[in-house]
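Since the structure of chain D is already known, use the hints to place chain A on it.
In the order they appear, the protein sequences are chains D and A. Start counting the first sequence at 1; every next residue gets the next number (this note's numbering). Start counting the second sequence at 1001; every next residue gets the next number (this note's numbering).
Accuracy of the hints is not assured; some may be wrong.
Claimed, not checked - To spell it out: a stretch of chain A is covered by chain D in this simulated footprint if at least three of its residues, at any positions, have a beta carbon under 8 Å from a beta carbon of chain D; those stretches are:
| # | region |
| --- | --- |
| 1 | 1199 to 1211 |
| 2 | 1238 to 1249 |
Said to hold, decoys possible - Derived contacts from chain A toward chain D, CB cut-off under 7 Å, selection only:
| # | residue |
| --- | --- |
| 3 | A1045 |
| 4 | A1076 |
| 5 | A1084 |
In case anyone wonders, no lab produced these hints; they're calculated from the structure. The model shown is predicted, which means the values in this text are computed figures rather than measured ones. Backbone N, C-alpha and C define an ideal beta-carbon position, used for all residues, glycine too.
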Amino acid sequence: MRLGRIVPAVLVGLAAAVSLAFLLLPVLGIFVHTTPRHLLSQLGNPVAKDALVVSLKTSALAQLAIVLLGTPTAYLLATRRFPGRSFAITLVELPLVLPPAVAGIGLFTAFGHMGLISTNVPFTQTAVVVAVAFVSSPLYVRPAIAAFEAVDPDLVAASRTLGAGPVRTFGRVVLPLARAGLAAGLALSFARGLGEFGATIMFAGSLQGVTQTLPLAIYAEFNQNFDAAVAMSALLVLVSVALLVSLRLLLSWRSSSTTSPFRFGLSTSG
Amino acid sequence: MALVLDNVAVPLRAFDLRLSLEVEGTVALVGPSGAGKTTVLRAVAGLVRPRSGTIAVGDETWFDCRTDVPVEERAAGFLFQDYALFPHMTVKKNVEYARKGAGDDYLERLRIRHLADARPRELSGGERQRVALARSLARDPKVLLLDEPLSALDAHTKASVRRELRELLAGLDVPTLFVTHDFEDAAALADRVGVLADGTLRQVGPTAELVSRPADPFVASFTGANLLRGHVAAAGNGVARVRLEDGLIVSTAEPAQGEVVLAIYPWDITIGPDPPHDSALNVVSGPVRTIAELGNRARVGIGPVTAEITTESVRRLGLQPGDMVHAAFKATATRVVATSTP
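Extracted from the complex, chain D is given alone in its bound form (with noise of 0.2 Å):
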């Protein structure tokens, strides 16, 4: 009777206990590879400079068109009912099942030089922008739309009836009230963006001070100084813990400030 109720508890703590262990001891692991002293001077090394500059600058304008393009399309998505709308809502989330090589392929296939519409982004810049947009944007994109939908259309139309336009009104309600929603899609797109890897490679390649970005700059380093590795992955470690205790304090802070309900789904891949 007793041990009836003991081994249930006993195996559920031990699978907790694995589980976390499991979760934990990688990160662990790149922190104590080395001292912290080590770790620093390794990130004054050449190619991890210059892979922090690439990631942060491409990371940025990658997030910047996500913001000005996604939050239009979510709040369409979120207020309008048209046809074709659940067909664009899945479009929306494809980035999200479609292996990175895959989309690294599609995004040749578009806009390669043989592509749908023949461009020279392929192996630039403004390829690696290309490809973490692509990967990143239904994390944006998806929370918005959620957020923009528990946005209570009675309080759109008190302020229309206010004499508040159709702009004010997005300003001065919706927005403020979809802040926090909008905000916490962001740092999960951000955090997804900053560790693309398969369709940046396929789509920009790899060039130092190009379009070599922290996990491919890893990726290089791995079999020739691995330290500079470790120190790199220390860094982008430090970058997503910094996201996640952000989007957790933004979540917090927004379930008191708002009465909305908001769900989205976390689930990063690639």
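Just chain A now, kept in the frame of chain D:
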């Protein structure tokens, strides 16, 4: 100034609603849910586009076959059923959203200045309604549109809010259209009441007229009670005596003071050729004013009240307009529905 809806057709889920209505003072639209009451308000505000017809306020046309003034350019104060206060703004910011610098003025008018810095979620239902009203009024509306203004309130708050709303509307010179599913709310607040069902406006008129001469059985079933306005002349022994405007005294078993409105259902009133000698405290004597037959029932008007009796009783008593009769009802059959401040 008046709000005029001329042959306006608005699309509802299953059918089109068609109506013509002139709103001066306060007009209530009542009807079962799904009758399209709210859609009418939304059409006036510009939130729903009618299929056809004309909507005009004074000499301004808001909608016709050539015109469709955008929502934000129609000066319509809209009170939403759940008040639709902006949750991310303080009370004062909510009001100033309608007009900058108007916050204090309107908060003062609605006696909620002390709530200026509160957030909507910290307010009670009655307070929220006042904020929403202050916000709509700060817009300086040419028309007020109230969507179920009392339905979000609990019974206790409802009575006092109804009284306040009544005083507020009386002090405004703005045509007001409000919708409710509660005939008593309509009667307490509106000068005229329109009954909406199955896509048409069945009847519009003062409440007494709807009760005494309902156009059809639906209106009869929907317009519940006789509503008698008066003031409490004396109270004691658990019974208050209310002197009506025409001098008649009616006793009520409910606590009452000052100006009151009493509700008595037509089916709680009996009619006879002789004064009754029973427990009923209230007897109204006079000639039969009207007899309106609706199927197996008849509405019979005597003095200020209307009774509902079976057509069989009408035949048995041989009732004809002009006959002297006595209508009786118990003090416990009366209810106080609206009280103004003493």
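Hints versus structure:
no. : hint         : in the structure
1   : 1199 to 1211 : violated (count 0)
2   : 1238 to 1249 : violated (count 0)
3   : A1045        : 5 Å, holds
4   : A1076        : 6 Å, holds
5   : A1084        : 4 Å, holds
Hints 1, 2 from the earlier list are contradicted by this structure; the remaining hints agree with it.
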